[in-house]
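Chemist: Chain residues, written in single-letter form:
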Amino acid sequence: QVQLVESGGGVVQPGRSLRLSCAASGFDFRTYAMHWVRQAPGKGLEWVAFISWDGRHKSTVDSVKGRFTVSRDNSKNTLSLQMGSLGAEDTAVYYCARDFSQKYTIDFWGQGTLVTVSS
Amino acid sequence: QSALTQPRSVSGSPGQSVAISCAGTSTDVGGYTYVSWYQHHPGKAPKLVIYDVTKRPSGVPDRFSASKSGNTASLTISGLQAEDEADYYCYSYAGSNSWVFGGGTTLTVL
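These protein sequences, in sequence, are chains Y and U. Quick note: to get my numbering, add 853 to the position in the first sequence (first position is 1). Quick note: to get my numbering, add 9 to the position in the second sequence (first position is 1).
Hints in this document: simulated from the structure, not taken from any laboratory. Just so it is clear, the structure is predicted and the values come from calculations on it, not from any experiment. Just so you know, even glycine gets a beta-carbon here, dropped at the ideal spot from N, CA and C. Be aware that a few hints might be false.
Said to hold, decoys possible - Heads up, incomplete: computed chain U residues facing chain Y, CB under 8 Å, no partners named:
1. ALA54
2. TYR60
3. TYR98
4. TRP108
Whenever a hint applies, use it, and build me the whole structure from the sequences.
Modeler: As structure tokens, then:
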């Protein structure tokens, strides 16, 4: 079955960096685009980043542009999110999610990993 | 990239129907047929219940239906059941490989 397992969350000081990973299994990862979505405490879901199946096309929400970079390693079935210049507003549960091919939406989500930005 | 507008909460008794609106603009909801809805129980992964404005994924009961008119989409849940109590989010493609969520609606089954 489809599995997406995020890792790398934790407590990080403001201004520092953190790298999240997502291990995918149960499907042909190399043929699917992927997303990162986050949910701040007590807030709603926010789309964060997209990467095409081959990694050639990437996009991020304006609030993280220039600070977050999405990447993937299809040989290792792994999705990553490199986060820099972290601020309190980046505190959230970060979800790795699979793109529903040709439907411009998400069809499967991981359980999420919590990132807390605090001194 | 402003969040789509949803009511913060709705409620209904078992067996009743409720509707959740999702207001966007011509650059997201109104501009594409790519509106989805998610059911999210706190602490769990969100679940896709509607995609392509009106389609239900396999396994989602037909009590869940949806529509769109202009810049506003709607999700209707009929025959409310206790397990429907959750947060619901609309989600729309907004062009140039970008997407936007609604602010979320908490459904309470009375």
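Chemist: The structure should be examined with respect to each hint, and the outcome stated for every one.
Modeler: Hints versus structure:
no., hint, verdict
1, ALA54, "holds, 4 Å"
2, TYR60, "holds, 5 Å"
3, TYR98, "holds, 5 Å"
4, TRP108, "holds, 4 Å"
Checked against the numbered hints given earlier, the structure satisfies every one of them.
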